[in-house]
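Go ahead and model the full structure; you've got the sequences and the hints to work with.
Sequence lines, in order, name chains A and B. Those letters in the first sequence? Residues -14 to 139, by the working numbering. Those letters in the second sequence? Residues 302 to 406, by the working numbering.
Source of the hints: derived by calculation from the structure; they are not laboratory data. There's no promise every hint is true.
[To be verified] Below, simulated DSBU-like cross-link-like pairs (lysine-lysine); rule was C-alpha separation at most 35 Å, straight line:
1) A/26 <-> A/107
2) A/15 <-> A/96
3) A/15 <-> B/314
4) A/107 <-> B/313
5) A/107 <-> A/96
6) B/314 <-> A/96
7) B/314 <-> A/26
8) A/15 <-> A/26
9) B/313 <-> A/96
10) A/96 <-> A/26
11) A/26 <-> B/313
12) A/15 <-> A/107
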Amino acid sequence: MDVLFQLGVFITLLFLGYVFGRRAEARHYKTIRMRERAFRKIVVLNERFPPPHLCQHQSTMVCGNVVVSVDYFKVVVAGLRSLVGGRMTSYESLLDRGRREAILRMQNEAKNLGAEAVINLKFETSQISGQAGQGLGSIEVLAYGTALIPVIPE
Amino acid sequence: MLISNIEIIPNKKIVQHLGLVQGSTVRAKHAGKDIMAGFKNIFGGELSSYTELLQESREEAISRMSQQAAALGANAVINVRFSTSAIAAGASEILAYGTAVVIED
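Have a look at this one:
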């Protein structure tokens, strides 16, 4: 009876994770693609020095960060995958979403400052663990770079 | 205070290097939000309370770093880098560090 109850809880969590997790991911990807099109004008480079035509611009640092959580289904799938090895696609998409979202937020900050480009993009990724020993909790991604703002002639 | 994560400030000249400055902060969210985050680990999606937490702590780290730079008499911090680590469940540390410099037009 006890085993049956535990199995029931597990399957319920798995089901909830699958349904809500898939839906959240699909919705997130949709907004990411939409905003990436909108922000295409702000060029993001990971070069250390500004390109020649932007050398006269003002500079300031911009950041964007996001914390994305895993869902239960992803944790279980990744747990099974780690038995046999190979690509963990369930976590790949999570990190991909986190990185793209962090860049978008950084671009948004740059846009609010009126910037034309962001150079020297750097990423910082870290994990925020949930309960101890329960695998990956959630990931934090921080994207930062230097925004180049055109100087308005007086 | 000009803050930049490249080694130069476009259009400005660096006249003096004053050395490394840093600022760090450790923050935790209260238990209620932690429980909500635990639920989110089942459903997936963004943890906006943690995003806010890290945003605040990042700003705090930057402001501490610029205070230190201002105390040295600098007017800009260049080559800024961030480093984050989780030191305990629900708490995170953010470190910002860079080079304090004096710039001139």
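For each hint, the structure was consulted:
1. A/26 <-> A/107: holds (19 Å)
2. A/15 <-> A/96: holds (21 Å)
3. A/15 <-> B/314: violated (44 Å)
4. A/107 <-> B/313: Answer holds: residue 107 of chain A to residue 313 of chain B is near 23 Å, not above 35 Å.
5. A/107 <-> A/96: Judged against 35 Å, a Cα distance of about 18 Å means the pair holds.
6. B/314 <-> A/96: holds (26 Å)
7. B/314 <-> A/26: OK: residue 314 of chain B and residue 26 of chain A at ~29 Å, within 35 Å.
8. A/15 <-> A/26: holds (19 Å)
9. B/313 <-> A/96: holds (23 Å)
10. A/96 <-> A/26: holds (9 Å)
11. A/26 <-> B/313: Holds, because 26 Å separates the two Cα atoms, which is no more than 35 Å.
12. A/15 <-> A/107: This hinted pair holds, its Cα atoms lying about 25 Å apart.
The structure does not agree with numbered hint 3 stated previously, though it agrees with all others.
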